[in-house]
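Visitor: Can you make the complete structure from the sequences, with help from the hints?
So the sequence lines, in the order shown, correspond to chains A and B.
Per this note's numbering, residue 721 is the first one in the first sequence, and the count goes up by one each step.
Per this note's numbering, residue -16 is the first one in the second sequence, and the count goes up by one each step.
Some hints could be false.
Claimed, not checked - Reference excerpt, derived from the structure (chain B facing chain A, CB under 8 angstroms, subset only):
#1 F12
#2 H102
#3 R155
#4 G160
#5 T230
#6 K391
#7 K402
#8 L404
#9 D414
#10 A420
#11 F421
Quick caveat, the hints were computed from the structure, so don't treat them as lab data.
Idealized CB from N, CA, C, for every residue including glycine.
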Amino acid sequence: MEALQTIESIRNSGIGGPDAGEGPRVDLQPLRDQAGQLLRTGLDAIDHILSGDSQRLLRASRQDGGQ
Amino acid sequence: MSRSTDNAKSATTALCPPLGGGDLEFCNFILGRGDERDTATEAARMLLAEFDGIPAESRAEPAWKDNRDYPGVYRDNALFRTYGAWDRPASDRKNAINPQDWCRKFTLAGASVYIDMSHAEIAIPEIRSAYDFVKYHHAMLRLAAGAQASANEKLRLHGRQLQVMASNSDGRSASWGAHTNFLIPRSTFDDIASHKIHYLSFLASYQVSSIVFTGQGKAGSENNEPAVEYQITQRGDFMQCVCGTQTTFNRPLVNLRDEALCGRESSPWARLHVIFYDAALCHVANYLKFGVMQIVLGMIASGRVNLKLILDDPVDALRAWGHDVTLTRRCRTMLGEELTAVELQMRFLQEARQFVECGECDLADAPSIMSLWEDTLMKLKSGDFHALAGRLDWVLKLLAIRGAMERKPRLTWDSPEVKCLDMCYSSLNPDDGLFWAFERAGSTQRIVPEEEILRATTEPPQDSRAWTRAMLLRRFGDQVESMDWDRIRFRLERGGFAAPAFRTLEMPDPLGMTREKMERVLTDGKSLIEVLDELGARADVPPSAVAQSSCYEQGEWYGSATNY
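Guide: Okay, structure coming up:
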């Protein structure tokens, strides 16, 4: 039941609203604001990666295949 | 009713898989060593050394102690020297190592960690729901991140760093897996694998179109596939045929490895080992990856296989859809219709809705799964990627990379920095792991609260045999001689000069030995012998007799099952 409530809250979290596309169109602006916020929250990590030695990491990351 | 009868009855009546599991191989390597190539095996061993657990083989040389290069980290043991011995006859394998399964440990939550080739691999305990799949998948990632941090504490003095990523390819045409496993009736497995080619094609077509919500995303292409800036999946370029039992080459969409992990006797169950999917980090992507597959396998078990949904060429469709982030590419069905991946998924959704609404679907959380599946497909259909960034890894990664490129116009899709962003998306290191940065900021959509995930790092699921495994390891772990998913062999010291006795507890029913059924036996202070007596564990032949005859027949075994 707790899982169901969590999922329902995701489904109805203003992201598309209930039955988006089938019912009345919903205002998508909050979504875009959220996406903008989302990218801003990731900037520190992105900058951290971009400030590192990308070539070195890519060289070291070579792997053998697996399953 | 005996356990075996119970087992057979539940298999004959089940449609949707009532239990499953999953495992994940890591990209692991070391930064800071003079020669930065070929550090994967060393990295895998370092990571494994930091996991707490009971070795699956007590006689295996510990690979996690005293090393001359890194004191206290691990030992350069003899395991590799016996590498080639796995091809020898069983009687000659005493000291051999299966390269796809070595140094295995079982954790006190009933999960497992080991090394597969040169990748550290985690396998979650047997779980009963998509919700628990998300919970235990993330719990194991938390444990791996903790192991990485511990290893890095030791490496810091040497100016080196262990990197661990939950990805599936290195950008140089090497790929490794993130598998999901489903307990299905033997008859359903046989239909898919041997009898009904349209069942196999139906499943392959579902899987291929489901990449729109399961993919992790990747910059560039590999494995001699046409160049592309960004694609939806990590694994798509490596899937080359519809079915087969192989997992490391010519990889099939539908893997037919038939290894039930349900004991040695014939079982009413089989295990579908799905090697197709990417490692996902988003809760919603993982929830749908597991949950929708449960429903689709239930539809197949009930014979609800609509031929109109079968793709003419699922391997080609995977390539076409996987390389098209606009989701507009159309592929032909067997009956000649041209559909996008989302449109085909909508058809599967329609079929599934009928399956659920007519009361045939026996999955308790089907309404939740259907609801989130439908909502996600509607958002994909409307092309609103921003709405999906907190749910789907390939969308989140794409937006993150595009955002970085907009801020730094010198970056192109060919820039090493962009590939670095791609790879670091799934890094377990909190400093450079992009996913965790978004999660910390509350930008991803959670299904399982963090406190539940943390609890699952030490607590087993209560509704599968994983609970009994975990409890036995907690109480009697120091007496485990060897173990696998469906059995534990104990060593009973008899004192003086007497050779130890051995007893094996068979655990063939993954749905049995739950907390409800076993708590009385395991938590009232009984001795190991009393517990084994009560559970019907058999006495094994003494080791001296084993050495002179076929090891398997005499009660010895070697772990060959990589995961549940």
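Visitor: Do the numbers back the hint for T230(B), that is, is its least Cβ distance to chain A under 8 angstroms?
Guide: At about 4 angstroms, which falls below the 8 angstroms cut-off, the nearest Cβ of chain A leaves the hint on T230(B) intact, so it holds.
Visitor: Does A420(B) hold up as a contact with chain A if the rule is Cβ-Cβ below 8 angstroms?
Guide: holds, 4 angstroms
Visitor: Is the interface hint satisfied for D414(B)? The criterion is a beta-carbon contact with chain A at less than 8 angstroms.
Guide: holds, 6 angstroms
Visitor: Would the stated hint for R155(B) survive a check requiring a Cβ distance to chain A of less than 8 angstroms?
Guide: holds, 6 angstroms
Visitor: Against chain A, is F421(B) within 8 angstroms by beta-carbon distance?
Guide: holds, 5 angstroms
Visitor: Under 8 angstroms is the threshold here; is the Cβ of H102(B) close enough to any Cβ of chain A for the hint to stand?
Guide: For H102(B), the interface hint holds, since the closest Cβ of chain A sits about 5 angstroms away, which is under 8 angstroms.
Visitor: Can you verify the interface hint for G160(B): is its Cβ closer than 8 angstroms to any Cβ in chain A?
Guide: This interface hint holds because 4 angstroms falls under the 8 angstroms limit.
Visitor: Taking the least C-beta to C-beta distance, is L404(B) closer than 8 angstroms to chain A?
Guide: holds, 6 angstroms
Visitor: Given K402(B) was flagged as interface, is its beta-carbon under 8 angstroms from a beta-carbon of chain A?
Guide: Holds. Min distance 6 angstroms.
Visitor: Any CB of chain A closer than 8 angstroms to the CB of F12(B)?
Guide: holds, 5 angstroms
Visitor: Verify the interface restraint on K391(B): the C-beta must sit less than 8 angstroms from at least one C-beta of chain A.
Guide: Interface hint status for K391(B): holds (7 angstroms vs cutoff 8 angstroms).
Comparing the model with each earlier hint shows no violations; every hint is respected.
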